[in-house]
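Using this note's numbering, the letters of the sequence shown map in sequence onto residues 36 to 265.
If you are wondering where the hints come from, they were derived from the structure by calculation, not from laboratory data.
Note that the coordinates shown come from a computational prediction; the quantities given were computed from them, not determined experimentally.
Do not take every clue at face value.
[To be verified] Cβ-Cβ distance ranges computed for the label pairs, FRET-style:
id	residue 1	residue 2	range
1	E72	K216	18 to 28 Å
2	N124	E43	19 to 29 Å
3	T100	K216	20 to 30 Å
4	M135	M36	37 to 47 Å
5	A144	H102	43 to 53 Å
6	N223	F151	16 to 26 Å
A virtual CB, placed ideally from N, CA and C, is assigned to each residue, including glycine.
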Amino acid sequence: MQMSEVVEEHPSLIPIINRFGIRLGLGDKSVQEICDEYQLDPDFLLIVINTFLNEEYFPEKKLQTFHTSQIIDYLVKTNNYYLYFQLPNIEHHLTSFISMNISGNQTLALIGKFFFSFKNELVARIENDDRQWFPYCLALSGKLQEKIHKKDNQALSLNLEKRSEDVIEELLADLKRIIVKHLSGDYNLNLCYAVVSSISSLEKDIRQHNRIRFRILAPMVDAMEKLSVK
């Protein structure tokens, strides 16, 4: 399949492939040819793409076969996309939306406060990932690499119990709900749509991101921790 055909049908994939370093101007190259050009693992790229497009698709067993560093590299690039592109994009639209409407609108003030609460939570998580969790995951993986990849070693057993709700997802859903249900007064319709669309895009992205974060990486680390004390 040509990569361009996939992206033309699903433009929401553009930021996903950008995280792998793939830029537009895809020509008629197949997915395999694009992966060869950018030195990517086609299996991992296709799993990420299909996971993003289809919420019913999540091949846990296949994802467990990828190295910890490969998963973390994708999560780091995703975090950077949130930090340097999606958050500034939402903030830009939201600031314009609030400033162009009648002063004293309490709902708009609440929306602004809610967004910054969400932003602070997400930035704090990303900073913790960079400084603590991801380095710890990589160090643990490096320490146990030989041991956990022996064919006769069955100790790396992943606990895939359903995780509890994530505060980041909840805050973002609440922000969108406030706008949709409680926005009042005079406001710019186009800017309102831009804000809601950008929030919805980030909401979907984080939901898919969290499946890899909580259902793959976290259980892998938990299993490695148990193995390290044996």
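Outcome of the hint check:
no.: 1; hint: E72 <-> K216: 18 to 28 Å; verdict: violated, 47 Å
no.: 2; hint: N124 <-> E43: 19 to 29 Å; verdict: holds, 22 Å
no.: 3; hint: T100 <-> K216: 20 to 30 Å; verdict: violated, 43 Å
no.: 4; hint: M135 <-> M36: 37 to 47 Å; verdict: holds, 43 Å
no.: 5; hint: A144 <-> H102: 43 to 53 Å; verdict: holds, 47 Å
no.: 6; hint: N223 <-> F151: 16 to 26 Å; verdict: holds, 20 Å
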